[in-house]
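Q: Each chain, written out:
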Amino acid sequence: MSNETEEAPLSTTAERQVIVEEAGKAPDKDWVIVTRGIKREYDMGGEIVRALRGVDLAVRRNEYVAIMGPSGSGKSTLMNLIGCLDTPTAGEYWLNGQLASRMKDDDLARVRNKEIGFVFQTFNLLPRATALHNVELPLVYAGVASAERKERAFEALKSVALGDRVHHRPNELSGGQRQRVAIARALVNRPSILLADEPTGNLDSSTSEEIMKVFESLAESGQTVIMVTHEPDIAAHARRVVVLRDGVIASDERKERFAAKMGF
Amino acid sequence: MSIFEAIRLALTTIRVQKLKSFFTALGVCIGVMFLIAVVSIVDGMGRYMEDDLVGKLIAINSFELRHRPNIQIGDVDRETRLEYSRRQRILESDVQPVADALPEGTLWAMYSEANLNVESSFSRPRRAQITAVDGDFFEIKRIGVTNGRLFTAGELSLGANAVVVGPDLVERLFPTVDPVGREVRIAGKVYNVIGVGESLGKAFGISFDNYIYAPFRSPVHRALNREANAIDAMMIQTPSAEELVDVQETVRAVMRSRHGLRPAQRDDFSLQTADSALEFWNTIKGYLVLAGIALPAFGLVVGAIVIMNIMLVAVAERTHEIGIRKALGAKRRDILAQFLIEASTLSTFGAALGIAAGAALALLIRNTTPMPTYVAPWSIMVGVLVGAGVGIVSGVYPASRASLLDPVTALRQE
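Chains as they are written, first to last, in the numbering used here: chain A, 270 to 533; chain B, 2 to 415.
It is possible that part of the hints are untrue.
Straight-line C-alpha distance at most 20 Å; calculated DMTMM-like pairs for lysine to aspartate or glutamate [what the hints assert, rightly or not]:
{"no.": "1", "chain 1": "A", "residue 1": "Lys524", "chain 2": "A", "residue 2": "Glu489"}
{"no.": "2", "chain 1": "A", "residue 1": "Lys308", "chain 2": "B", "residue 2": "Asp407"}
{"no.": "3", "chain 1": "A", "residue 1": "Lys427", "chain 2": "A", "residue 2": "Glu441"}
{"no.": "4", "chain 1": "B", "residue 1": "Lys190", "chain 2": "B", "residue 2": "Asp269"}
{"no.": "5", "chain 1": "A", "residue 1": "Lys427", "chain 2": "A", "residue 2": "Glu361"}
{"no.": "6", "chain 1": "A", "residue 1": "Lys373", "chain 2": "B", "residue 2": "Asp407"}
{"no.": "7", "chain 1": "A", "residue 1": "Lys383", "chain 2": "B", "residue 2": "Glu6"}
{"no.": "8", "chain 1": "B", "residue 1": "Lys190", "chain 2": "B", "residue 2": "Glu120"}
{"no.": "9", "chain 1": "A", "residue 1": "Lys419", "chain 2": "B", "residue 2": "Glu6"}
{"no.": "10", "chain 1": "A", "residue 1": "Lys298", "chain 2": "A", "residue 2": "Asp312"}
{"no.": "11", "chain 1": "A", "residue 1": "Lys383", "chain 2": "A", "residue 2": "Glu420"}
{"no.": "12", "chain 1": "B", "residue 1": "Lys203", "chain 2": "B", "residue 2": "Glu120"}
Negatives, chain B to chain A, calculated, CB over 12 Å [claimed, not checked]:
{"no.": "13", "residue": "Ile141"}
{"no.": "14", "residue": "Ser200"}
{"no.": "15", "residue": "Ile336"}
If you are wondering where the hints come from, they were derived from the structure by calculation, not from laboratory data.
Ideal Cβ positions, reconstructed from N, Cα and C, are used throughout, including at glycine.
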């Protein structure tokens, strides 16, 4: 019975407190992400589409969270909001102590540069640039000088075991290698969160395992990881699984409970 | 992102997309090329007019007292021509009163000229410009001799039968022998060659060296002027440009009183300066420069439209890239700078090529046609500025479109 209580939905405990009871206040620095009732509505030619209908989510530093849900559940919209590519139509979004939901373009760009490391399903590398240059890009926009930039980009590539592929272009790399370049790029500016959108969606299963291992070890080393996926077995790698349905959180559970439910 | 970073990025893009970049640069290149070429032609013509043509006909800081102007670049209306034809000529007797009124240090000369045949025992008769001169003619014109000597004061005042021959004429009249001490015949009279004059150069392919100078009082002046005591012109040179206008007024006053003109009457003689001879040229030069700028400007406008179009296409096909860059933290101004600098780098590069091509074209024109060309430094500056300007102007709209792209939409685009 006591075991059961421990595995209860997380939003009933400390998360609930930071979301509800401290509403309007900046969360303390333990919390890297706090969303309070964020909504996102689109005007599609007069018809209002409610992609998110009020999402309360709190993520602590060092957590490894998977966001799941069927297509149309709003998980991509949530990811865009968390990644500061978009702003909510209502609600608060606190990212690392900053109110991102009220930010203007340039501040959002700065936050994306400093706080977020993106990993995309389609890698999104610049096709004509070398692996090294791709990894350098966030540092270019951070205003880091050339020499330091090259060094840090090289270190980041070494950390994903691509130290011998720095001058290859994306088309000269395998899918798994491309995704590792993207991970190196995401990490090079030491972001608060690593935000991955279907990171294994374009990879075969053995390569997927390889990429998940990279995420695993990053999470173990203390990197906050948020991963959007629709594959339960990929989500099962995370330590916490948030399931979205129709624009709201349907469940928010620890990995063990989620795995048991999925029959892993 | 620093400006240096943006330029490096632009250069990379340009290197990667060679064909696209080539066509972009080409538009500006052609416009600037014609700008440089046309301006260099107009400028070259101008220098030619001022330095060679008029400069050689009219000496520095000098003016000529004539009954009507002899250098008239451009049209003269019928009325003026009629008025010119009614004017009385300047007489030899006018010269001394005018000369007496001139301030200290002013030089003067008088002359008459005509084209006549000249004979020598060594050649068939040749056409030459014969000028009968008196006063400080050679000092004012700064003509010396390369062989022999100029006239002595005695020869001038006595009207000796002596001549100074121009270098071109010497070659024709005396192809094989030393001309000094030989004889030439002009209008049936014999003259001694005492010197060979310096070259006066040429303009528009016409040599000024086909000349003969003789003392004014020698018999030659009767062959030059049907009116026995008339002269073609009195030439007056002041020591510096400042005195020129004052001296002109002095001469004007003397001539008006000699001709008995009332204050309301206009001058019935002309004081011709290099400026007055160039007046018409300066007017048409203005139009030519305007045309020389307006025509290439059309080319540049077309070039600008081409660049804008290419940049719009570039923005469209690089939407995904812009999305990636924005996701990684590129601000609006970073994207704006990227595309603006790309456009202006290309067009500046095109302008540089255009300047080189235009200068080459100008050189080609100079070497293959009698048209003189001169590439003015200011036209190069204008070329560079225009090139960069065209790039910036035509890059602004595409670049701002790119910078305003929504990152989510841009990323979705493949």
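Q: Checking each numbered hint in turn, tell me which of them this model violates, lowest number first.
A: 4, 5, 10, 12 and 15
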